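Trainee: Listed below, chain by chain, are the residues.
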Amino acid sequence: MTAIEVRHVSKKFGEHPAVQDLTLDVPEGSIYGFIGPNGSGKSTTIRMIMNIILPDTGTIRVLGREASSDVRDQIGYLPEERGLYKKMQVGRLLRYYGRLKGRAPADLDPVIKRWLGKLQLAGWADKRIDQLSKGMAQKVQFIAAIVAKPTLVILDEPFSGLDPVNAESLRDAVLELRREGTTIVFSTHDMLTAEKMCDRIFMIFRGSKVLDGSLDEIQAQHAQDTVRLRLSGGAAALTGLPEIESVNDHGNYQDVRLNGSPQALLQRLIQKTEVRHFEITKPSLHDIFVRIARPTDAELAGPQKVAS
Amino acid sequence: MKRVLIIAQAEFLALVRTKFFIIGILVMPVLIGGLFAFLGYADKQTDRTERHFAVLDGTGALYATLLKAAEEYNGESGEGSTQTGPHFLPENVDPAGRSAEDLRLEQSARVRRKEIFAFVEIPKSVLDPGAKEPVRYYSESTSYTRLSRWLDSTLNAEIEQRRFSTAGVDPSVVKRLTTDVDLDTFGLVERRADGTMTTAKQVDEIQRFGIPFFFLILMFMAVMSNAQHLINTIIEEKMSKISEVLLGSVSAFQLLMGKLVGIVAVSFLLSFVYLGGGIYALLQFGRPDLINVSLIGWFLVFVVCASLMFGSLFQALSSACSDLKDAQSMLQPAMMLVIVAYLASFLVMRSPDSTMAVVLSFIPTVTPFAMMQRLAMPPGPPLWQVLLSVVLLIGVTIVVVWAAGRIFRVGLLMQGKPPNLPELMRWIRR
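Chains as they are written, first to last, in our numbering: chain A, 1 to 308; chain B, 1 to 430.
Treat the hints with care, since some could be wrong.
[Claimed, not checked] Computed cross-link-like contacts, DSS-like style, restricted to lysine-lysine with a CA-CA straight-line distance of at most 30 angstroms:
#: 1; chain 1: B; residue 1: Lys2; chain 2: A; residue 2: Lys87
#: 2; chain 1: B; residue 1: Lys417; chain 2: A; residue 2: Lys149
#: 3; chain 1: A; residue 1: Lys87; chain 2: B; residue 2: Lys19
#: 4; chain 1: A; residue 1: Lys87; chain 2: A; residue 2: Lys113
#: 5; chain 1: A; residue 1: Lys209; chain 2: A; residue 2: Lys118
#: 6; chain 1: B; residue 1: Lys2; chain 2: A; residue 2: Lys127
#: 7; chain 1: A; residue 1: Lys86; chain 2: B; residue 2: Lys19
#: 8; chain 1: B; residue 1: Lys175; chain 2: A; residue 2: Lys134
#: 9; chain 1: A; residue 1: Lys118; chain 2: A; residue 2: Lys87
#: 10; chain 1: B; residue 1: Lys2; chain 2: B; residue 2: Lys19
#: 11; chain 1: B; residue 1: Lys417; chain 2: A; residue 2: Lys12
#: 12; chain 1: A; residue 1: Lys134; chain 2: B; residue 2: Lys124
#: 13; chain 1: A; residue 1: Lys209; chain 2: B; residue 2: Lys325
#: 14; chain 1: A; residue 1: Lys127; chain 2: B; residue 2: Lys417
#: 15; chain 1: B; residue 1: Lys241; chain 2: A; residue 2: Lys134
#: 16; chain 1: A; residue 1: Lys86; chain 2: B; residue 2: Lys2
#: 17; chain 1: A; residue 1: Lys134; chain 2: B; residue 2: Lys417
#: 18; chain 1: B; residue 1: Lys241; chain 2: A; residue 2: Lys87
[As the list claims (entries may be wrong)] Only part of the chain B face toward chain A is listed, based on derived beta-carbon distances under 7 angstroms:
#: 19; residue: Arg3
#: 20; residue: Val4
#: 21; residue: Ile6
#: 22; residue: Ala8
#: 23; residue: Gln9
#: 24; residue: Ala10
#: 25; residue: Asp180
#: 26; residue: Ser240
#: 27; residue: Lys241
#: 28; residue: Ile242
#: 29; residue: Leu247
#: 30; residue: Val250
No lab work stands behind these hints: they were computed from the structure. No experiment lies behind these values; they were computed from the predicted model shown. Think of the CB as a built atom: it goes at the ideal place given N, C-alpha and C, for glycine as much as any other residue.
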C-alpha cells in the first residue's frame, strides 16, 4: 500500500517554479527521508501533501484519498519552524492540538503522559512553553504532531538544532512509531541520520526530483569508483595524479573520486609515498548530495539568477 | 462545527486571561471611578493656599463688597484640617495720585516677588449702564482660574445690582421677575379602553442622553477591545508557524470562524458585565423604570453583528501582514471605520429622527452604533427601519466574513511585504 502518491505535481510562486513535475510514492509503514538543499522545494512539497497549499498541476493522494480535509485527522505534522504558543502550558497546548484532530480529552491525557515521560518531559506539563529550552520545545512540538495517534507523520526537519542526546531520544521515538506501523516522512539536512533511519530516500533539487529509492539503490545508481586513502604525505601526495577527478580532504584521510582504475592509482601512489590505508568504497549519501547540489563554477563566479 | 467551538474556547480563554482584559476591561471602570474620586479629593486637599490679591478699584465702591464676599467664601472653605479650598485675601490699593501704568508696574513687581498672587483693575466706568471697558485680571499663573472665575461672578453680581439701583429698579424685584421657569419633558398620553387617561411619563436627562451614551460607549468597547488581541495572536501564529500546524488540522475558514466566535463570546462577557453594572446602578438609584429588556436584546444583536463584521476585517488584514508594525498600519483604515461610526452617532444623538440619522443608521458599518442610539432615544425608530437595518447589516456581515475568509486563507501563508488593495481584491477573487 502507498501512504502518499504524488503525480506530476508542479507549483510556482509568482514566476519562480518551486516544484516541477514531481512524482513520488511513500510506502505505508516506511520511514521516508526528504533531503535537498535549503530552498529546493522540500517544505513546499510537504505543505502540498498537508493540503495547506494547493499544487498548480498534478494530483496528490494521501492514505488512499485525494489530499483534503478528510484525511487531516490521520496526519501528524511538525513544521520546519516551531509552531507553539509561547504563553500556553505544555499540557493545555497538547490537549488543544489533539482536540483539533478530533480526539476526546480523556483519550489524549494518557498519550500525553506517556510521551512526556518517554521524552524526559514528565513534570513539565504545567510549565509554559516560553519556560522550556529549545530542545524541550522541539520535543513538545514532536508530541503535538503525534498526540492524536496519526497513521502518517510528516516531520519537517525534526532534528535540526538538537543536541546529540535530544536528537537520539527523538530518533528513538520515530523508530518506535515505525514499529507501531506509522508511516513517517521527514526532511533533514543530516545525511547520516537519513542513511541510518530511512527505508527510502528522496532528494529534491531546484524543485525537481533527483534521487528516489533505498540507500542501496541510490548508491548503486551513483556508484563511481571512490577510494578512501590514508597517506603518510597527506593530501599533497595526490596533487597532479591523472587518475583522480576530485579529492575530499578530511585531514586524517581523503575520499577520492576516480576517473581511472583504482589499481593504476595504487601503483602510482606506492611509488610516491607510503600508503597506510586504501579502501574501495561506496559513495556516502553526503557525497552524493554534495555532488548534486554543489554550485557550478559559473554560480560561484558571481550573483546570477539561480532557482534555489 | 465542533472544531470551530474548540478554537473559539481557546481564543476566549486566551483573551479573558490576559492582564490587558482583566485590568483594561473589568477593572478599568473601577480605576476610572477611583481616579475621579481621587481628583475630587485632591482638588479639595491640594488647593488650600492663601491667595493674596490687590484690588485697584477705580469705582471706590466695589472693594468693600469684594472683601465681604471673600470673607464669606473663606468661611465656607473652612479652617485648619477641615479646609477644602483656598482663601482669597483682597487688599485695597490706594492710587495716591499715581498713573495707571505706574500702578500696574508696581503690582506686577509685587506679583513677581510673590507678595501677592494677582491683582485686579476695576475701571471707574464699570458701574455705568452700557459700559464696555472690561475688568482686568493680572497674574503670572494664568492657568489658575479659580480666583479669576470667583472675581468674575462676584463682581458681575454686584455690578448688576448696582446698575438696577441706579436705574431706580429694586434688585429683589428683578430677581423675582427673572427667575427661570423649568421645562419638564414628558412622553405622550393616551385614552385607555375605560375612558380614563394615562399619565404621561417624565423623560429626564438620564433617559434622553445617559442611556444612549452608555450603549454607544459599550458598543465601542465591545468592538475595539478585541482588536489588539486579534492582531497579536494572528501575527504570533503566522510568524511562529502555529498557523501551519492549525491548518494541518482545520481549514482556514474554520480557524477564522473559531476566532470570530471566540471574540463574540468575549464581547458578550464584556457586555454582560457592564449591563449588569448598569442595571445594578439603576436599581440603586431607584430607577428600575429605565431598565428596558428589548433594548438590551437589540444591543446584543448589534454586538454580535459588529463583532463579526469588524472582527473578520481585523483578522483578514492582520493575516496579510508579517509583523506587528505592518499589521497596525494596515488596520488603521479598519479602525477608522469604527471611529467614524462612533463619531457619527453623536449626530444621531442630537436629532435621532432626522434624515441624516435615518441614512446613517442604514450604513452597515455605522448601523450598530447609530441604530442603537435611535432605539435608545424615545420614542425610537419605526420597527421596519430597525428590521431593514438589521437585514442589511447581517447581509454585509456575511459578505465581509466570506471575503475575510478568502484573504485569511492566502494571507496566513504569505510572507514579506503586506499586499495593497488590488492584491487583496485578487486574493478574494482567487
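Trainee: Now tell me if each hint is right for this structure.
Mentor: Do the hints match the structure? See the list:
Distance check on the hinted pair: Lys2(B) and Lys87(A) sit about 24 angstroms apart at the alpha-carbon level, within 30 angstroms; holds. Taking the CA atoms of Lys417(B) and Lys149(A), the gap is near 38 angstroms; set against the 30 angstroms cutoff, the hint is violated. Proposed proximity of Lys87(A) and Lys19(B) is supported: the alpha carbons are some 13 angstroms apart, at most 30 angstroms. Between Lys87(A) and Lys113(A) the alpha-carbon distance is near 20 angstroms, which keeps this suggested pair within the 30 angstroms criterion.
For the given pair, Lys209(A) sits about 36 angstroms from Lys118(A) by alpha-carbon distance, which is inconsistent with the 30 angstroms threshold. With a C-alpha separation of about 27 angstroms, the suggested pair Lys2(B) and Lys127(A) falls inside the 30 angstroms cut-off, and the hint holds. Note on Lys86(A) and Lys19(B): the hinted pairing holds, with a Cα-Cα distance of about 16 angstroms set against a maximum of 30 angstroms. Straight-line distance between C-alpha atoms of Lys175(B) and Lys134(A) comes to about 83 angstroms, which puts the hinted pair past the 30 angstroms bound.
Of the pairs offered as hints, the one joining Lys118(A) and Lys87(A) holds, with about 24 angstroms between alpha carbons and a cut-off of 30 angstroms not exceeded. Restraint check for Lys2(B) and Lys19(B): the C-alpha separation of about 28 angstroms stays at or below 30 angstroms, so the hint holds. Distance restraint check for Lys417(B) and Lys12(A): the Cα-Cα separation of roughly 18 angstroms lies within the 30 angstroms cut-off, and the hinted pair is therefore satisfied. With a C-alpha separation of about 85 angstroms, the suggested pair Lys134(A) and Lys124(B) falls outside the 30 angstroms cut-off, and the hint is violated.
Taking the CA atoms of Lys209(A) and Lys325(B), the gap is about 39 angstroms. The hint is violated against a cut of 30 angstroms. A threshold of 30 angstroms between alpha carbons decides the hint, and for Lys127(A) with Lys417(B) the separation of about 35 angstroms lies outside it, so the pair is violated. Only pairs whose Cα atoms come within 30 angstroms are accepted, and Lys241(B) paired with Lys134(A) is accepted, the gap being roughly 15 angstroms. For the hint pairing Lys86(A) with Lys2(B), the CA-to-CA distance comes to about 25 angstroms; that is within 30 angstroms, so the pair holds.
Proposed proximity of Lys134(A) and Lys417(B) is supported: the alpha carbons are some 29 angstroms apart, at most 30 angstroms. For the given pair, Lys241(B) sits about 15 angstroms from Lys87(A) by alpha-carbon distance, which is consistent with the 30 angstroms threshold. The restraint placing Arg3(B) at the interface with chain A holds, with a minimum CB-CB distance near 6 angstroms, inside the 7 angstroms limit. Because the beta carbon of Val4(B) sits about 10 angstroms from the nearest beta carbon in chain A, more than 7 angstroms, this interface hint is broken.
The interface hint given for Ile6(B) is met, as the beta carbon of that residue sits about 5 angstroms from the closest beta carbon of chain A, less than 7 angstroms. Hint on Ala8(B) is violated. Least Cβ distance to chain A is approximately 12 angstroms, over the 7 angstroms limit. For the restraint placing Gln9(B) at the interface with chain A, the shortest Cβ-Cβ distance is roughly 9 angstroms, beyond the 7 angstroms limit, so the hint is violated. A cut of 7 angstroms between beta carbons decides the hint on Ala10(B): the least distance to chain A is about 6 angstroms, and the hint holds.
A least Cβ separation of about 60 angstroms between Asp180(B) and chain A goes past the 7 angstroms threshold, and the interface hint is therefore violated. Taking 7 angstroms as the C-beta contact cut-off toward chain A, the hint placing Ser240(B) at the interface holds, the least distance being around 6 angstroms. Evaluation of the Lys241(B) hint against chain A yields a held restraint, the C-beta minimum of about 4 angstroms falling below 7 angstroms. Residue-level restraint check for Ile242(B) holds (minimum Cβ-Cβ distance to chain A is 4 angstroms; threshold 7 angstroms).
Proximity of Leu247(B) to chain A holds as hinted, the smallest CB-CB distance being about 5 angstroms (cut-off 7 angstroms). At a threshold of 7 angstroms, the smallest CB-CB gap from Val250(B) to chain A is about 6 angstroms, leaving the interface hint in force.
In the structure shown, a violation is registered for the earlier hints numbered 2, 5, 8, 12, 13, 14, 20, 22, 23 and 25, in ascending order.
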